[in-house]
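Chemist: Quick note, the sequences are listed as chains A and B, same order.
At position 197 of the first sequence the residue is numbered 197 (the working numbering), and the sequence of numbers has no breaks.
At position 234 of the second sequence the residue is numbered 234 (the working numbering), and the sequence of numbers has no breaks.
Keep in mind the hints are simulated off the structure, nothing from the lab.
Treat the hints with caution; some may be incorrect.
[Claimed, not checked] The following label-pair restraints were derived from C-beta to C-beta distances: (1) VAL435(B) / GLU189(A): 33 to 41 angstroms; (2) THR68(A) / ALA233(B): 22 to 30 angstroms; (3) SER33(B) / GLU189(A): 46 to 54 angstroms; (4) VAL389(B) / THR68(A): 46 to 54 angstroms.
Here the structure is a predicted model, which means the values were calculated and not measured.
Even glycine gets a Cβ: it sits at the ideal position worked out from N, Cα and C.
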Amino acid sequence: MLTVRGLTRRFGQLTVLDDVSFGLAAGRLAVVVGPNGSGKTTLLRCVVGADRPDAGEVLLDGRRCYETDARTRALLAAALDDIDFFPDLSVVEHLELVAYAHGGSGATVAEVIAELGLERARDQLPSTLSSGQRRRLALASCFVRPRRLLVLDEPEQRLDARGRAWLADRLLREKRAGTAVLMATHDAELAAATADDRLEIGGGA
Amino acid sequence: MSTELGVRPGSPPDARRLRRRLRRTRRRHRTVSLGDVLTDAYVLVLFAGMYGWALVSEVRDYLGSPSGRQGDPGDRYWLGVAAALAVAGLAWRGLRAVGPLVVSPAGQSWVVSSPVDRRGWLLPRFVVLLFAAVAGGGLVGLAAAVATGAGGVTDLAGSAVAGAACGTLAVASAVVAQGSPRRAGWARFLDGGLFAAAAVVAAALVAGHLTGFSVPPPTASLGWALGSAAVPAVVVAVLRAYRALPSVDRASLVSGAQVADAAAGAALLLDPSFLTGLVESRRWRSIGVVSSRRFRPLGRFGVLVQAELWRPVRHPSALVVWVALLLTLYAVAVALPTLAGPAQVVLGFLAVGRLTGGLRAVGRSAGLRRSLGGGDTVLNLAHLVVPAVSVLIWYAVSLPMVRAGVGVLDGLLVLGTVAAAYRAATRPPMTYGGVAVDTPVGMIPVDLIRQVVRGPDVVGALIVAQLLWP
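Pulled out of the complex, with its shape left as it was, chain A reads as follows (with noise of 0.2 angstroms):
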């Protein structure tokens, strides 16, 4: 499904990504680990296009990826933490729109909002959320719209107890669903409950 090869990212002089290369399979989820300042957030900002890499080819289905390429956008969900709101849009409005702009009729919107909790805040505008609140709405805009390559930067950052354990829950789904989860985490137990590989980069840093 996802393959990376030799990609190396450099700020300057500084190499933050250094010639990584993995592959991730339909309905796997592999895990990157690796310590603060090790390019964890940096590989996932390269797979998904919102940054450039200095070298190296990202590929979906063993065809290059480009983010410019509308297929590349209709496969990949992406929930990192660059996300922003339309300030005069609600809950639900932000949702629909996401699943509007996939083709959708966002028929799932309801069901992906009580599923997060987030029922009582669907007509909430976002400078009114809470910052746990604003990261379930980030990982909501994942779920109703089609995916086949899922990638999360820290997705258990604000999530209380029972949204780590729904989270979990989730992306073991996901992957019976046949997505491909690629997803950087700071928490063991998440890790240990759904992780199929182990990708740790930086590990000399």
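Once you have looked at the hints, place chain B on chain A.
Modeler: What follows is chain B alone, placed relative to chain A:
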């Protein structure tokens, strides 16, 4: 509870329908009416026009006055050419930093990340950008012609056409570069090339003056020639930019939106630190890693000064700007001798500003001051050593072009410029409360004005002192 996982892929809507839907949804919650937006736009255009025209008239009056005509006409013309090249370099750098195509961070997160047609989504922005480039470039060309004393309708129209053509060419070329970053190595070096060309023209102007050689200005206006020559290039660039729209990737939109947000914040809140902070952060990120050194045991004060000295060595752009501003002063002194005095103070203030990074850092961060320990006075003094030395050198090397001999005035200017740099670098964070005064641009808090003019106020006083000094 579990949701249906298999959301079925459908064909994404076209960009126009999605845009219409988003606009309709947002309108439901919007409290600002179209009338409010048009009123704001009218006020903005009115004040920009008023103050812009006032500036153009002042420049025109000065250049037409006996003071403005003291230099050689050829020197004045080539100084204008050097200034135009430098401004073009700055404009290109700005365009590239912003994008120039920008999508808000929310738009990127919720719409641009979907399979909606990228060209369809970006096309309206591209068209608006082109219209803005035509209008803005044309106005700048017209203003330049008026300011430099062009009188005939043909000359004015020629300058407007040249400005519009150059503006459109620049914007379209920047979009081409945004759509193909890997193949656009030329775009990275174009601003450097324009700055180098400006420096060469300015250096030739100064050298020519010193050796008694002057290149006369062209006898005919070049506006129409430049505009006509640029039109085919504009057509090609716009077509290529249109073709490049689907290739504009999220990485470039992310980067540009950060700069656009910071610039908008700086303009709205009159606080340039929004933008300068981002620029500084990116400047140091481009270095990435440095070879760490051990401090020489010269005591607390000496160690702080050493850290200050390493900064320009690690990123020498501040020194390059310093030298470029000195060259600018030399060129101004040759072409517009009556402006040499004020230019010496203003450019000296700008040159030292790039060397006050340490002072700005300790000034804005109470946490940093606490961790460094000691009193604030010693900390500020230690971080003032490098700026003070740079001001001293500035006046030493610029003096021969401005005045004959050293006097009390020069001591006053050195101390005053150091004080201005100190005041500007230790400007406290903006506060928007307190007493407000009614101004032609609306109610403005007094504290805000005080903070904006902190630093430039001393520069203004020094210019007045210099003009009145016997």
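Chemist: Tell me the hint numbers this structure goes against, listed in increasing order.
Modeler: 1
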